[in-house]
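With the hints as your guide, set chain B onto chain A.
For reference, the chains in residue letters:
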Amino acid sequence: MALVLVSLALITVYFRESSGGTLHSAQRIGVSILTPFEVAGERVSRPFRDAYGWTADLVGAKSDNERLREEVQALRKQVIQNETAAEENKRLQKMLNYIGGSRYPVGFTAVPTQVIQKPPNPYAQQILVHAGTSNGVKIYDPVVTQEGLVGIVTDVTSGTAQVRLLTDQASAVSAEVLGTGASGIVARGPSDSSTLVLNRVPKDEVVTEGDLVITSGWQSGPLTSLYPKGIPIGKVSGVSRRDVDLYTRIQVTPLVDFGSLDDVIVLTAGDPKKP
Amino acid sequence: MTAADVFKAPGLLLLAALLQVSVLWTIEVSNGHPDLLLVLVVVLALVRGPLLGSVAGFSAGLFLDVATFSTLGISSLLLTLVGYWSGRLGSIMSKSSPHPPLLAVGLATIAVALGSAFLHFVLGSTVGASELLGRVLLPTLVLNLLLAYPVHRLVCRLFPRTTRAAREVIVPG
Numbered sequence: 001m002a003l004v005l006v007s008l009a010l011i012t013v014y015f016r017e018s019s020g021g022t023l024h025s026a027q028r029i030g031v032s033i034l035t036p037f038e039v040a041g042e043r044v045s046r047p048f049r050d051a052y053g054w055t056a057d058l059v060g061a062k063s064d065n066e067r068l069r070e071e072v073q074a075l076r077k078q079v080i081q082n083e084t085a086a087e088e089n090k091r092l093q094k095m096l097n098y099i100g101g102s103r104y105p106v107g108f109t110a111v112p113t114q115v116i117q118k119p120p121n122p123y124a125q126q127i128l129v130h131a132g133t134s135n136g137v138k139i140y141d142p143v144v145t146q147e148g149l150v151g152i153v154t155d156v157t158s159g160t161a162q163v164r165l166l167t168d169q170a171s172a173v174s175a176e177v178l179g180t181g182a183s184g185i186v187a188r189g190p191s192d193s194s195t196l197v198l199n200r201v202p203k204d205e206v207v208t209e210g211d212l213v214i215t216s217g218w219q220s221g222p223l224t225s226l227y228p229k230g231i232p233i234g235k236v237s238g239v240s241r242r243d244v245d246l247y248t249r250i251q252v253t254p255l256v257d258f259g260s261l262d263d264v265i266v267l268t269a270g271d272p273k274k275p
Numbered sequence: 001m002t003a004a005d006v007f008k009a010p011g012l013l014l015l016a017a018l019l020q021v022s023v024l025w026t027i028e029v030s031n032g033h034p035d036l037l038l039v040l041v042v043v044l045a046l047v048r049g050p051l052l053g054s055v056a057g058f059s060a061g062l063f064l065d066v067a068t069f070s071t072l073g074i075s076s077l078l079l080t081l082v083g084y085w086s087g088r089l090g091s092i093m094s095k096s097s098p099h100p101p102l103l104a105v106g107l108a109t110i111a112v113a114l115g116s117a118f119l120h121f122v123l124g125s126t127v128g129a130s131e132l133l134g135r136v137l138l139p140t141l142v143l144n145l146l147l148a149y150p151v152h153r154l155v156c157r158l159f160p161r162t163t164r165a166a167r168e169v170i171v172p173g
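Protein sequences, first through last, are from chains A and B.
The first sequence: position 95 = 95 (this note's numbering), numbered continuously.
The second sequence: position 149 = 149 (this note's numbering), numbered continuously.
Since the hints were derived computationally from the structure, they do not count as laboratory data.
Just so you know, not all the hints are guaranteed correct.
To give an idea of the chain A side of the interface with chain B (calculated C-beta under 8 angstroms), a few residues [said to hold, decoys possible]:
hint, residue
1, V4
2, L8
3, Y14
4, Q27
5, E38
6, G41
7, R49
8, Y52
9, W54
We put the beta carbon where it would ideally sit given N, CA and C, even for glycine.
Chain A extracted, bound-state conformation:
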């Protein structure tokens, strides 16, 4: 009890007195007496503390390392997501520019959509897109990108549409060589699916490499071409006129990269709903 009272008295007096008071002075003396002991203790213990600090730092560094690795992983994922989003943004911007530009065919409404299935094998050059009847898509609607013609819708459900690519063996598009008037039918090349041929071009037509091939969009009475006029198809990459052939054989390199189709535009005649 006496010690408690002494403690309380110490607190009271110490708290009330000035810094030059008796207790403060006594404390300063006490500190100065203790200082050498503290210094000695500090010196003796320094190697142990350094060892402890080193170990603690090592443990901390290990956990920091793990945390930073996780952060790097997360940031890598973020970077990939950002880059993908930027790419997608770029593609969609190009598509929008195309839809709003002068090259866009008159009288058609655009249904921008994504490719949800690539050609399942080299024999069936078909893709599946994420737009269907609910978006106003119908069979035989042409499908394009901002680069050029992709193909035509051959089957449709409420939410998806099957598109036969220009490189499919069953595809045939009436086309003409821009600026020359030479016209014919574009179909898949005999060798592989990466090249097209423009058939049935009379031999007297002058066609040179680099000429642009576009859809001709013909109309004959009540019948019209499935494709609107003026959609780019490809560039002439080879011309062959053999004596035994009736027509000039023109090799066409398509403008569309069919191997990396992500976003396409279905051209519908009606007023489609949003995909």
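Just chain B now, with coordinates in the frame of chain A:
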């Protein structure tokens, strides 16, 4: 309390106090430090009763207040009370609890932390409850509990049980 205790206890306390201010305060886990002096006071009180406990607590507290330039009396008041009550607790727990040092040290650590917060609050300096409980009290409690058994063993070796006390334990009730 024996005559030998009068010499051994201050020596042990002084050693522990020097170790506390020079070494143990540099060991920081979160914001908590191992409090060897508190553990020693509690264990001394458990082994030798409330009188030695309160005297040891007062001395240790005064030493700490001086060494740390703190308000004189705060640590001595808290450690005096802790020493006294640990001594009282020791006489009860030695018969009922299998782990008297752990329980006493745990209770003392909590009591000193809360008491210190209260006294500092009364004197005008405060600390956030979450800071006190989470970052100071909890790590200090764990560190003190780790010290409890080794210190108890050391003290039991240095301060062997007196014949009277031993008889009291052997023939309870």
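request  = Compare the structure with the hints numbered earlier in the document and write down the numbers of the violated ones, lowest to highest.
outcome  = 9
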